[in-house]
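S.K.: Take a look at the letters that make up each chain.
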Amino acid sequence: MNAKKTLPSYLEQTDAVKARFDRLKAREVILEVNNLGKSFPGTSGKGEKETVALKDVSFQTHRREFLCIVGPSGCGKSTLIRILAGLETSTSGKVLLEGKPVTGPGKDRGMVFQGYTLFPWLTVKRNVMFGLEVNGAGHDEAESQALQWLSLIGLEKFANAYPNQLSGGMKQRVAIARALANQPRILLMDEPFGALDAQTRARMQAHLLEIWRKIDITIIFITHDLDEAIYLADRVLVLKAHPGEVQELIEVPVAHPRSTDQFITDEFLATKARLEELIYAKSSHDDEEELYPMMSRLAEVDDNVE
Amino acid sequence: MRRKKYFAVHAELSPRAKTLLGIFSFVLPVLVWCIVSYVPAVWHPLVVVSDPGSVSYFQVDMRVDPGTFAQETATAAAENRALPVGKPANPVYLPAPDEVLKAFYTAFTTPPASRDSPWLHQSFWHSIQIIFWGFTISSVFGVPLGILCGTYTPISRVTEPFVEFFRYLPAPAFGALAVAVLGIYDGPKIAIIVIGTFFQQVLIIANTTRKLDGALVEAALTLGTKNVQLLRRVVIPGILPDLFRDQRILLGWAWTYLIVAELIGTTSGITWFITQQARYQHFPNVYAAIFMIGIIGLGTDLVLAYMGKRFFPWDSNGKV
Ligand SMILES: Nc1ncnc2c1ncn2[C@@H]1O[C@H](COP(=O)(O)OP(=O)(O)OP(=O)(O)O)[C@@H](O)[C@H]1O
Ligand SMILES: [Mg+2]
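Residue numbers (our numbering), protein chains in the order written: chain A, 11 to 316; chain B, 356 to 675.
Worth flagging that the hints you see were computed from the coordinates, not collected in a lab. Heads up, some of the hints might be wrong.
[What the hints assert, rightly or not] What follows is a set of in silico ranges between Cβ atoms, one per label pair, in the way DEER data are often shown:
#1 B:Glu519 to A:Arg213: 45 to 53 Å
#2 A:Leu259 to B:Ala660: 52 to 60 Å
#3 A:Glu108 to B:Leu368: 55 to 63 Å
#4 B:Thr491 to A:Asn174: 31 to 39 Å
#5 A:Ser19 to B:Tyr507: 50 to 58 Å
#6 A:Glu22 to B:Ser671: 48 to 56 Å
#7 A:Asp313 to B:Arg358: 31 to 39 Å
#8 A:Ser161 to B:Thr611: 48 to 56 Å
#9 B:Gln584 to A:Val315: 54 to 62 Å
#10 B:Leu368 to A:Asn170: 28 to 36 Å
[To be verified] Straight-line C-alpha distance at most 20 Å; calculated EDC-like pairs for lysine to aspartate or glutamate:
#11 B:Lys581 to A:Asp118
#12 A:Lys35 to A:Glu22
#13 B:Lys373 to B:Asp656
#14 B:Lys581 to A:Glu143
#15 A:Lys117 to B:Glu573
#16 B:Lys581 to A:Glu98
#17 A:Lys167 to A:Asp150
#18 B:Lys442 to B:Asp416
Values in this document were obtained by computation on a predicted structure and should not be read as measured data. Even for Gly, the Cβ is constructed at its ideal location relative to N, Cα and C.
The following block holds chain B by itself, in its conformation from the complex (with noise of 0.2 Å):
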């Protein structure tokens, strides 16, 4: 009976219920992460050195192959000699949780390696610009052109099978050519976020624009309005709540976009953390950086829903 329940096609939950299972999601893969990084026998595929004893080229820390450390315990033993000691580890590549953990403060309060680079939250404050500005430019053109396209069929032939075309271009392959129109610096990664957006945009826009109600478009004619009129009266208000929805989407594939773009010309901001502190093998703060995205990016988002929904109050499908 219960289970029939939940498992009707788009059961109604209670808050309470949605609101658990939604903290289980996050609990679920953090529970398999710990699994896998505190008990040995699931994976554990190397074994990290503590003590190196008598074997020359055994430093602490080091991870060997568990061959290996057994052949060496072996000779070792053989020969009377000073054994070495070390314990079952994950690849340095899988940090445990808590290691993540503490890089979250630690990566924070660690001063740059050298004096001009910047600390961490430059560098994401870095990333959170070209993000704005992308999206914004993008969105200065793409949502009315959207919109136009949506409302126009003369418009939306003119314009969109050539957008349809482009929207499969990879932006990233417009990379060097970014560079050698705008230089090395903040420009070019801007404009590839400008190209992953903008052409999605505009269809994403326009498609929604044309599932407004006709019905909506036709009493509003017979109450004697007129072409330019409908467009600011009804189509724009009649799809705000909907195309406000289509506008955190897009934030979040512009996102998406980040690492790529700011490969681009002198790698810059948290893309530039993130590759600086893998060089240094130090994946704790690789870590904590993609996931400080993720996390900057579900909370815009959590915003902006709230924001929705107190804009429009009338919205009655004001889920997603």
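Just chain A, same shape as in the assembly (with noise of 0.2 Å):
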């Protein structure tokens, strides 16, 4: 942040960048979201007023885009991501899948959750396996299948080992195995690499985006790690909390392929600064602040540590 140089606005897009965005807009629309909103009820009795987490939630997504959703803590997120899985159902609005409205959880969107959600009775091939046998394959197909999701996730040499010998960054891969041996049509992923060490977690970023390039699905992902998003995403959707409300739609204007060496080009700064003015900008006003007591000193006078 020292010797502020001037970036460029991140609404600025290189010829190659902006040819890559008319081809993704001209790609068919898979995920529509429409005035989307989502209330929990208050506590009743104790006369707590009701929680707005989604308010008027509109946006769409093209086939093949890599959308990350991201905003403050407790903006939504979740919530939303939720209801796009069918997991949660929302109070208004609509959301359609392929023009289809979407009323439960379905085969054709995958989920991969923050925690780790691989069933542990089942060894890492049956683990990948399940969702394909109980959409009605067959035990060898099945196994035939998920040996090729093994092999493109590099965990092969894993399939017949069970879920706890197995570290955070595998098991989140066996996950993402898991949701995409199903063949959906989009990904949900709500802060999968939340858990992992900073090494790990850039090791699966890469992982995933090789992932993408590879097969035909659509990514929604949610993190708070605006670096991650804007390495990930063609667009990144900015939430703001109380209630969540959509702020923008960014177009990430940093070329393809994504490497980790951009995390310092100036179209990256620019996005980066861009996204933490509408995050953070806005909740250092925010009734959060008086959370926080000003504390008064216990260490000694002349004890300073800065």
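Assembling the complex is the task here: the two chains are given apart, and the hints tell you how they should meet.
M.R.: Here it is in structure tokens:
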């Protein structure tokens, strides 16, 4: 942040990037969210008023788009993606997947959760076979497909291991393979790398981009790590809190293919500056402020750390 | 430092330390029992007569009050008669460890008093069958019902309040009723075990089922799993290790109902043996039989625990 050199506007796009966005927008719309609203009833009896988690959220994603959703804590990111997955019902508005309204969970939308949700009683291979089997595939067919997915994520060696023998990163890779094995139209990911250490997380990001390049999948990815969002996304949907509303849908001007070297490019920094402005500038005046009291000094007067 | 290590909350002990402490948990009560039995100074409130001498109502092996004994001895001495001989002893209901140990062997080898009475091992076998059938019948209904209650809220609401009420009714209270309905032989005994187990079983298994990580269910839903499949492919396999642990604990409870159950109608099984032996004051045999129940119970549990480890290799909290 020192010696603020003037960054270009995050809205400026090179011709290549613009052309790419034109191609992206020319592809058919996969997911359409219209005026989505969700409020949770307050705890009755205590007279608490209801929480409005989402209000009037609308956006569209195109086939093979990588959309990241960012926003301050509690702005309704998880609620939104859970509604998309069909795990939660909206109070108002509609979600359309390829034009058909979403009414409940289904195999056309895969999901990867922040926590580890591999079935602990199944081996890695059987976990990946799970979706295929419940959707009526025979054992042999499911097995051969599962092995292909495992080789895609590079974990064939662990096919017969149980989840509790895997590291966190491996577990999430298997979870991705398990979701993809169903060949969903769209992959929903709620802070999937949130529990991983920085190094593993970086490798997982590159890995996810690699997978995304190879197969016909649209990804909606929630994160609170802005670098992660810019590095991964075609577009970033920024939500604001209380109530959760769309603040801006940003087209990331960073060129493809992505690499970690781009973290210091002007476009990257400009986008990040914009995101920070949207997310943090707002919340510093927020009600959260009062939750942190001024502390009186407890250390010796001349015992300074700075 | 060492003490701190051992007494940290939930401290991890080496397998050796665990085994040693485990053995010690048995050694300690046995040691107390030995001291009470073999050190006369500790308790020994009576005198066991080994030679009645001239006291007409004394008999060999009779246990008398030390005051009476001293008085009779004094009287005999004053009248210059033969003195009775005796030594301090515990009451007959507290036999020494060696007597009980001997009884472990003799109880099995001694033929029953009357020819049509069962041998000890037959009594045991009878008891084991009662437990087996009681527990099996209870489980056949209780386990599925518990799982359904834990999975589907309406089933839970329509079942659990009543079950909750019923489990407070002491099973033995149904003894007379069970006899009226099922006769005096094994039927009412099995019924008592069933009543004693079933209601707890439903509640415990319902709770275990409810504790299944909801995220696993949601993950399965997003993979396209539908309702009945969810039960078979996620709920049941997900709770299986815990269900198995619950069943072990419940089986232990079923054993605790055994004696009461066997007193109902015609007394049978190990209870019959124990009451017979107690009537003839063969207390070492009584203790041996009681300990046998403990050994069988603990033995089954250890076997089941071992089986659990083999069945569920993925289970990370495979303790208890
Ligand atoms: N089941 C629920 N009942 C009541 N309120 C809820 C429920 N789930 C979420 N909320 C509220 O809705 C709002 C949005 O929650 P949500 O979990 O979607 O936020 P988030 O953006 O995912 O936050 P984070 O960044 O911490 O994951 C919060 O104010 C939360 O308290
Ligand atoms: Mg969240």
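S.K.: Now, for every hint given, state plainly whether the structure supports it.
M.R.: The hints, checked one at a time:
Taking the beta carbon of each, B:Glu519 and A:Arg213 are about 52 Å apart, inside 45 to 53 Å as hinted. Judged by the Cβ atoms, the range 52 to 60 Å given for A:Leu259 and B:Ala660 holds: they are separated by roughly 57 Å. Between A:Glu108 and B:Leu368 the CB atoms are about 59 Å apart, so this pair conforms to the stated range of 55 to 63 Å. Judged by the Cβ atoms, the range 31 to 39 Å given for B:Thr491 and A:Asn174 holds: they are separated by roughly 32 Å.
Taking the beta carbon of each, A:Ser19 and B:Tyr507 are about 56 Å apart, inside 50 to 58 Å as hinted. Checked against the given bound of 48 to 56 Å, the beta carbons of A:Glu22 and B:Ser671, roughly 52 Å apart, stay inside it. The hinted window of 31 to 39 Å between A:Asp313 and B:Arg358 holds, with their beta carbons roughly 34 Å apart. Between A:Ser161 and B:Thr611 the beta carbons are some 55 Å apart, a value that agrees with the proposed interval 48 to 56 Å.
Checked against the given bound of 54 to 62 Å, the beta carbons of B:Gln584 and A:Val315, roughly 58 Å apart, stay inside it. In this structure the supplied range 28 to 36 Å holds for B:Leu368 paired with A:Asn170, their Cβ-Cβ distance being about 32 Å. For the suggested pair B:Lys581 and A:Asp118, the alpha carbons sit about 14 Å apart, so the restraint of at most 20 Å is met. Straight-line distance between C-alpha atoms of A:Lys35 and A:Glu22 comes to about 17 Å, which keeps the hinted pair within the 20 Å bound.
As the CA atoms of B:Lys373 and B:Asp656 are separated by approximately 18 Å, the hinted pair is consistent with the 20 Å bound. Straight-line distance between C-alpha atoms of B:Lys581 and A:Glu143 comes to about 12 Å, which keeps the hinted pair within the 20 Å bound. For the proposed pair A:Lys117 and B:Glu573, the alpha carbon gap of about 12 Å is at most 20 Å, so the pair holds. Proximity of B:Lys581 to A:Glu98 is assessed by CA-CA distance (about 16 Å); at most 20 Å being required, the pair is judged to hold.
Restraint check for A:Lys167 and A:Asp150: satisfied, since their Cα atoms lie roughly 19 Å apart, inside the 20 Å limit. This hinted pair checks out: B:Lys442 and B:Asp416 have alpha carbons roughly 10 Å apart, not beyond 20 Å.
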